[in-house]
Amino acid sequence: MTFIVIMGPQGSGKGTQAERLEAKGYTHLAMGDILKDIMRSDDPRANTVREYVENGDLLPNELNDEILDDAIDDVEDDVILDGYPRDRDQAEHLLDTHDVDLVVDIEISDDVAIERLSKRRVCTATHKSYSVDEITEADRKACRAHGGEIVQREDDTPEAIRHRLNVYHEKTQPLIDYFNNHDIPVCRVDGEQSRDSVHEDIVAAVNRVCT
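By my numbering, the letter at position 14 of the sequence shown is numbered 14, and the numbering carries on one by one without gaps.
The reader is advised that the hints may include incorrect statements.
[What the hints assert, rightly or not] Pair by pair, the computed Cβ-Cβ distance ranges are:
| id | residue 1 | residue 2 | range |
| --- | --- | --- | --- |
| 1 | H182 | R50 | 31 to 37 angstroms |
| 2 | D139 | D33 | 17 to 23 angstroms |
| 3 | E200 | V112 | 17 to 23 angstroms |
| 4 | D33 | Q193 | 23 to 29 angstroms |
| 5 | L95 | D139 | 35 to 41 angstroms |
| 6 | D43 | T136 | 33 to 39 angstroms |
| 7 | G25 | D73 | 30 to 36 angstroms |
| 8 | D183 | A138 | 42 to 48 angstroms |
| 9 | I176 | D133 | 27 to 33 angstroms |
| 10 | P60 | L95 | 27 to 33 angstroms |
| 11 | N166 | P60 | 17 to 23 angstroms |
| 12 | D196 | T48 | 37 to 43 angstroms |
| 13 | D139 | D99 | 33 to 39 angstroms |
[What the hints assert, rightly or not] 30 angstroms max Cα-Cα, derived DSSO-like pairs, lysine-lysine:
| id | residue 1 | residue 2 |
| --- | --- | --- |
| 14 | K24 | K36 |
| 15 | K24 | K119 |
| 16 | K141 | K128 |
| 17 | K141 | K36 |
| 18 | K128 | K36 |
In case anyone wonders, no lab produced these hints; they're calculated from the structure.
Given the structure is predicted, the values throughout are model-derived calculations rather than measurements.
C-beta: ideal position from N, C-alpha, C; glycine also.
Build the full structure now, drawing on both the sequences and the hints.
Following this line, the structure appears as structure tokens:
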């Protein structure tokens with residue numbers, strides 16, 4: 001199993017790029033989507049997860065780690081992990097339990113992150129993201145077909161985005177050095193390029209390190 005971690009601040013396009021790698025045989029594990037699916041299920045942890053998420057609090061690392069490990073156990077293909085780890089404790093757990101082959105770090109400025117996320121809209125059923133400038137009626141119909149609607153996330157206001165970016169810079173961004181210090185290859189990618197150019201850079205890194 002090839003195991004890739006994709007990192008970057010909010011709005012860097014981690015989810016979009018991870019989804020594009022699915023076409024190459026990777027299973028995309030997005031921690032945020034996993035938690036949403038648990039909240040909508042009869043999983044015995046659903047109420048606990050919902051309580052933390054609805055209060056805007058982070059799950060305890062022990063619970064977060066357990067949910068991640070369960071998700072990975074169900075996967076036989078190569079993995080690209082998105083939204084985990086978020087802090088040093090989670091990174092330590094990840095390296096203690098899994099062999100990470102590559103970390104991809106998509107870099108963008110805070111100004112670009114705020115601009116992108118202010119325009120982001122999400123299908124409530126499939127979690128697929130869209131830019132408000134690019135949504136088509138076909139997109140809306142596809143979302144409705146799954147029982148959802150395309151909306152703006154409550155935490156995509158400029159004030160909420162700045163708070164999340166501050167948390168990212170304080171707790172998550174330092175993990176790049178942590179992975180480097182543990183001899184995990186890190187590929188830094190300019191996330192302000194076109195989506196296709198970002199994808200090409202990521203594929204080149206994967207081919208260089210993982211083949």
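Comparing the hints with the structure gives:
no.	hint	result
1	H182 to R50: 31 to 37 angstroms	34 angstroms, holds
2	D139 to D33: 17 to 23 angstroms	18 angstroms, holds
3	E200 to V112: 17 to 23 angstroms	19 angstroms, holds
4	D33 to Q193: 23 to 29 angstroms	25 angstroms, holds
5	L95 to D139: 35 to 41 angstroms	39 angstroms, holds
6	D43 to T136: 33 to 39 angstroms	34 angstroms, holds
7	G25 to D73: 30 to 36 angstroms	19 angstroms, violated
8	D183 to A138: 42 to 48 angstroms	46 angstroms, holds
9	I176 to D133: 27 to 33 angstroms	31 angstroms, holds
10	P60 to L95: 27 to 33 angstroms	19 angstroms, violated
11	N166 to P60: 17 to 23 angstroms	21 angstroms, holds
12	D196 to T48: 37 to 43 angstroms	41 angstroms, holds
13	D139 to D99: 33 to 39 angstroms	38 angstroms, holds
14	K24 to K36	25 angstroms, holds
15	K24 to K119	29 angstroms, holds
16	K141 to K128	13 angstroms, holds
17	K141 to K36	22 angstroms, holds
18	K128 to K36	13 angstroms, holds
Of the numbered hints given earlier, the model fails hints 7 and 10; all others are met.
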